[in-house]
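> Full structure from sequences and hints, please.
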Amino acid sequence: MRTPNPSPASDIAGERHADRWTPDLGAGVFDRRTDRLPTTDGLHEPDLALHVEDLTVSYYGDPVLWDIDLNVPPGVMCAIVGPNGAGKSTLIKTILGLVRAAAGHVTIHGRPYKAQRRRVGYVPQRSTVDWDFPTTVADVVTMGLYGHLGWFRRPGRKEHQRALEALELVGMHGFAERQISQLSGGQQQRVFLARALVQQADVYFLDEPMAGVDATTERAIVDILRRLRDQGKTVIVVHHDLQTVRSYFDWLLVLNVRVIAQGPVSEVYTAETLRKAYGGQIALLEPDAVSAAPGQEARS
Amino acid sequence: MSLLDLLTDYTIQTVALGACLLGVISGLLGGFAVLRRQSLLGDALSHAALPGICLGFIIAGTRELGSILLGALSTGVLAALVMLLLTRRSRLKTDAGLGITLSVFFAVGIVLLTYIQGTGNAAQAGLDSFLFGQAASLLRSDVWVMGGVTVVAVVIVLAFWKEFKLVSFDPLFAASLGLPVVVLEVALTIMIALAVVVGLQMVGVVLMAAMIIAPATAARQWTRRLEGMVLLSIAFGVAGGLAGSLISATSRGLATGPLIILSVSAIVLVSLVLAPERGVLWAHLRHRRNQRQMRGAQVLETLYRLADHHDDPRYPAEQGMVDAYHGFATRQALTRLEGRGLVEPVRHEPETTPHWALTPAGLAEAERQAGAATREAV
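Protein sequences appear in the order of chains H and E.
Residue numbering for the first sequence follows the numbering used here, beginning at 1 and increasing consecutively.
Residue numbering for the second sequence follows the numbering used here, beginning at 301 and increasing consecutively.
FYI, nobody ran anything at the bench for these hints, they're computed from the structure.
The C-beta atom is built at its ideal place from N, Cα and C for all residues, glycine as well.
Any given hint might turn out to be false.
[Unchecked claim] Where chain H lies over chain E, by a calculated footprint (3+ residues, C-beta under 8 Å):
(1) 464-473
(2) 476-482
(3) 519-529
[Said to hold, decoys possible] Anything over 12 Å on all C-beta distances counts as not near chain H; from chain E, calculated:
(4) T308
(5) G361
(6) L386
(7) S390
(8) R391
(9) G399
(10) V443
(11) G448
(12) V451
(13) A459
(14) I547
(15) L562
(16) D611
(17) H655
(18) P660
Structure representation (structure tokens):
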């Protein structure tokens with residue numbers, strides 16, 4: 001067992017051990033692939049929850065993400081919006097090391113992702129898994145703790161208890177022993193959220209958590225995410241519904257292969273930036289919805 | 301031959317033991333293969349074992365099992381790697397990649413086989429039995445090899461159970477936790493190749509895929525947990541292996557491998573039909589029950605509306621009219637409603653078809669239904 005991560009932010013999340021599945025890269029050692037060196041104190045942009053520089057990704061020679069520079073301060077709820085094919089999911093996957101970047105680097109709270117896995121929670125798109133897999137709700141939520149357990153250790157009563165607590169938080173505590181194949185879309189999404197909650201991370205990445213869920217679930221998810229933000233955690237969400245951006249989020253990244261705009265919602269959510277990202281598709285919006293009216297707080 | 305003779309016969313013991321081991325390893329790994337939608341991987345791996353068998357023979361110069369199985373394992377794994385490269389590095393889809401790899405490797409195998417047969421080497425006799433398996437040629441020493449391979453596979457799967465489970469369910473999330481997803485996937489693939497190698501002498505390269513797919517498919521029907529599914533899959537594999545080898549032993553001349561495959565397939569058939577919740581039969585019964593309930597409610601509502609329309613709670617509705625209104629024969633539905641005390645037959649001349657009226661209980665029930673429907677609409 002390794003010494004606990006000394007970062008103060010990690011205290012919120014309770015006990016922590018270094019990642020046992022991957023070797024500890026040590027403070028501030030950069031991604032060996034990109035081989036960049038950090039600043040002398042071992043941290044690179046430590047004041048940012050997420051720092052992305054020059055990130056470029058391509059599939060079969062076509063750039064999917066181009067020269068992304070992105071900074072997200074801690075304690076905000078950040079939406080990533082953009083048209084289909086803008087690279088929203090790819091951006092999250094690249095940040096999490098699931099897609100290989102052609103160039104660029106990423107730090108989470110000052111360190112490369114590989115050294116910070118335990119401080120990151122991830123909710124993939126619901127449709128990426130087979131919900132007919134033979135397992136129960138509590139079991140799926142427990143999977144969020146597999147990283148904490150490391151090799152060879154099996155989840156026990158303590159892990160089960162934490163799964164139940166997370167299910168309680170998302171309003172699914174009666175469903176622990178339910179087959180996942182019997183869940184509705186909204187319930188599936190809540191289960192995925194609970195699995196990320198047990199990770200007790202400082203930075204959460206969610207890929208379209210509000211896609212195809214009913215209004216009640218959407219409301220519940222937003223409430224939970226807000227609570228996380230109010231605890232000082234950073235929540236980064238790929239979002240598809242421009243209409244709700246201003247009421248749900250306080251930070252915004254408008255993406256279309258390149259970064260179109262980023263910053264506080266009140267500054268970034270303008271007709272101009274959205275038109276730049278969406279082109280003709282912007283006709284969906286009524287004009288006054290995008291005219292960042294003064295005095296209208298993003299945090300409602 | 302009596303049962304006791306069967307159980308004490310050395311050859312039959314050997315075959316049965318081999319069949320059990322094959323059931324264990326193919327049931328165990330088949331569970332993961334089926335859930336990861338890689339059922340056909342087993343097929344490709346087993347066909348790709350044929351060139352390895354021939355190469356093993358050519359290199360060793362004799363029909364020595366060790367080198368033959370090693371050859372089979374190598375070309376199986378090579379085929380898996382080719383498939384991985386094809387689907388990752390080109391835009392070929394997985395099914396096309398599997399199909400091409402399977403055929404090419406099998407063709408190479410057949411060419412090598414005919415080449416060896418053409419050399420007139422006496423030792424090659426029986427090499428083609430690897431196509432469909434020849435359980436009778438199984439030696440006790442072969443069973444030890446099979447047992448060793450099976451034990452290794454079981455230990456690996458048990459040790460990394462939670463990792464294999466997560467990689468099978470949600471590889472993206474697994475990778476985000478830092479799990480070496482590719483290594484685990486390759487490990488599963490290599491172990492499937494091992495299972496194929498274990499089954500080569502029993503069922504042969506052509507039928508081996510069914511041994512991977514069938515027990516797991518059947519097991520999936522009965523359980524709700526991965527643990528249960530894999531255990532049951534192993535049990536079905538063992539049962540099919542035993543049944544096949546015993547049937548073959550009692551009926552002289554029938555091939556063991558195909559009988560094993562037929563036995564596990566029978567288990568699949570029964571499971572697909574009978575398993576609670578997922579079985580076809582239960583789905584059908586559930587559908588019928590829902591349909592009955594719905595028809596009952598509809599017919600009751602019709603009687604209620606007729607009574608309402610005629611301002612007579614005891615209005616005698618004629619069955620023929622209710623039939624015509626619904627477009628199906630309502631006699632069954634009416635009889636069932638009568639059984640529940642909601643309607644009763646009444647005499648009403650002239651009687652072409654029977655007449656039915658709501659009972660007070662039926663009236664209350666119809667009103668409750670109507671109320672529920674209104675609330676739902678609001």
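> Would you pick out the hints that fail for this structure and give their numbers low to high?
7, 8 and 13
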